[in-house]
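> Order-wise, the sequence lines are chains B and P.
At position 73 of the first sequence (counting the first as 1) the number is 73 in this note's numbering, and the numbers step up by one without a gap.
At position 95 of the second sequence (counting the first as 1) the number is 95 in this note's numbering, and the numbers step up by one without a gap.
Each hint should be verified, as a subset may be incorrect.
Said to hold, decoys possible - Okay, derived cross-link-like pairs now, DSS-like style, lysine-lysine, Cα gap no bigger than 27 Å in a straight line:
1) K37/P / K102/B
2) K70/B / K57/B
3) K42/P / K102/B
Calculated directly from the structure, the hints in this document are not laboratory data.
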Amino acid sequence: NAGVTQTPKFRVLKTGQSMTLLCAQDMNHEYMYWYRQDPGMGLRLIHYSVGEGTTAKGEVPDGYNVSRLKKQNFLLGLESAAPSQTSVYFCASSASGLAGQKEQYFGPGTRLTVT
Amino acid sequence: GENVEQHPSTLSVQEGDSAVIKCTYSDSASNYFPWYKQELGKRPQLIIDIRSNVGEKKDQRIAVTLNKTAKHFSLHITETQPEDSAVYFCAARSNDYKLSFGAGTTVTVRA
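Work out the full structure, taking the sequences as your base and the hints as a guide.
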């Protein structure tokens, strides 16, 4: 099993450009998440999905959109990149269960720089 | 929503000593508290977690304690080793889907 994978690993964008980050998981997990990680601020939730075809806003959703057309994939889009979106982006997934969410497994991250 | 505060932000310990990281949370409905370790340039990985019906949990040199009344939980690492150097994040879950993370503690183990 590959677990959680992310593409690309690195990207440099100019202000105003758009891009899509792809997250894929092969563990048949129901839940998927997108976080951003900035120095001194921990991991902040951007958007999440509790199943195929569903998405919801997290803590910092402005400037981002997401889609979950297939259970194994969760896409994060930046329509018009801004320097404030320079960050490391992590995708995560987890199974559901009677006790609620299980452990979250993280992808390797995407380092995005917006100039 | 849930607010998680984590202290200290940096911690330097001598090899073999203990390290303690403390977190507080705001939502009394939170019921799941994981700890993640992130090595430089790597992804966060779960090292231990505790649920609200348990007060303490141990796994070899790592232990977590939970005080629901005071709404705080702590990570204890005993007999620290150089490979324990990393950033540690606490988190709290207040519903079935989302985790709220602390800002992280950078632990450095001095040889």
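> For a C-alpha distance cap of 27 Å, please report whether K70/B and K57/B respect it.
Distance of about 18 Å is within 27 Å: holds.
> Would you mind confirming whether the straight-line C-alpha gap from K42/P to K102/B stays at or under 27 Å?
21 Å, holds
> Would the hint linking K37/P and K102/B be met if the CA-CA limit is 27 Å?
17 Å, holds
Hint compliance for this structure: no hint is broken.
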